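Peer 1: Read off the chains here:
There are 2 protein chains.
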Amino acid sequence: MSKGSRTRGLGARHEERRRQIAEALLAIIDLHGLDAVSLRDVAARAEVSLGAVQHYFRSKDEMLLFALDYISERGTERVRRSLGQGEQPPRAVLRDILAELVPADDQRRAELRIATAFTARSLVSPKLADHLRAGYDSLYDVLVLLIRHAQEADEMPAGLDPERTAAALFALAEGLGMQVLIGHRNPRTALAILDEHLDRLSTTAS
Amino acid sequence: MSKGSRTRGLGARHEERRRQIAEALLAIIDLHGLDAVSLRDVAARAEVSLGAVQHYFRSKDEMLLFALDYISERGTERVRRSLGQGEQPPRAVLRDILAELVPADDQRRAELRIATAFTARSLVSPKLADHLRAGYDSLYDVLVLLIRHAQEADEMPAGLDPERTAAALFALAEGLGMQVLIGHRNPRTALAILDEHLDRLSTTAS
DNA sequence: GGTAAATCAATACGCTTGTACGGTCATGCC
DNA sequence: GGCATGACCGTACAAGCGTATTGATTTACC
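For the protein sequence lines, the chains are A and B, in the order given. Using our numbering, the first residue of the first sequence is number 1007, and each one after it goes up by one. Using our numbering, the first residue of the second sequence is number 1007, and each one after it goes up by one.
Quick caveat, the hints were computed from the structure, so don't treat them as lab data. The model shown is predicted, which means the values in this text are computed figures rather than measured ones. One or more hints might be untrue.
Since the list can't tell identical chains apart, any single copy or any two copies may satisfy a pair.
To be verified - Lysine to aspartate or glutamate pairs mimicking EDC-like chemistry, simulated, CA-CA at most 20 Å apart: (1) Lys1133 to Asp1075; (2) Lys1133 to Glu1068; (3) Lys1066 to Asp1047; (4) Lys1066 to Asp1036; (5) Lys1066 to Asp1041; (6) Lys1066 to Glu1022; (7) Lys1133 to Asp1041; (8) Lys1133 to Asp1067; (9) Lys1066 to Glu1029.
Sequences and hints are given; from them, build the entire structure.
Peer 2: As structure tokens, then:
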């Protein structure tokens, strides 16, 4: 296997150190934006030398890509946890996952700010766009699946097209999240609007 | 009045020149992103000297702010035009305005890319955020008004809360626009989803 | 104990950046 | 005719940037 999986000896803490540096990078993006990131600032915040950062990342680009994958993984992990609790009915799980896109606490807020920064840059960076789209796709697939399950459990009308519905709910949640982030709406109202639409979907005849 | 309104003599073409430089700036944002903007690149694209750019804008920040107001004005103008055609029923006007947020052609696409870049930066620049929110607010107000009119014309159920509905439609359209921009969905599907939701809203009992 | 790799630290390089400054020429006004 | 102002141009500068390089120290393994 690769050196990354080593648990003892030289290189054992390699991945952990990379994550630690990535955390510093993400903190800077949250505070000052993606443009304001310099290797020296990252090093200072991570309390290591510039040389150390260079040792763990060949280039700034590689560091950015790693940080994006790192934070994506955190999001994926949260979705997995939501899915894991099998007691809940599919519609409730769907609601929970969508609600994650509305930043109700500081941590979620920071993550959404960071995700927004990466999204903006992905518009001019194909490589970033690829990595971002991967996470996007998998979340979308989960939504489609949950809607199907909800339909099978008679929690949502069978007449709904799962893919379109997933796209709509995704877009709605994302848009609401953005409005909250901008300060245009408070999280409570945004979540209420989301729930309202979920209810409307469930009680539609078509 | 200020010198900006002068139409003859010295300073007559002042505002026009500023707009011309702003166009170059916006083109660079569309192509390479907001971070990639340098005064020299702007000067080159506008086919003027660096000194000329400096002459018309005291600082880079001022130029960015001007460009944001400039492109916002263009959007506002389009909304005004949609509102202007009085023959159309309010729900159709509402639909047109929401559809503007889904980039179906190159021009709309470029504008949304630029708006996204500004939005991302506004997360770390309060001054930009203020300017952006102003346009946001006025668009939101227009949506609320149109929904009220649609209700009065019996095109939408009176039971709907106009403000919440406006927020929801806004968020949905914005989210769909983003999905199209990312390349996740094609404009046709996005517009179909938008229409579907407008229909669902109109035929809801509550 | 020796060798090789990992882990840094320090420094330097070339480049780009926003801004400042000085100068030139044209224009408008008294 | 003089004088202020507008409209530039060219250049210079200090700061910051990503990256390369070199070297020292530690660690793991034979």
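Peer 1: Of all the hints given earlier, name the ones this structure violates by number, lowest first.
Peer 2: none
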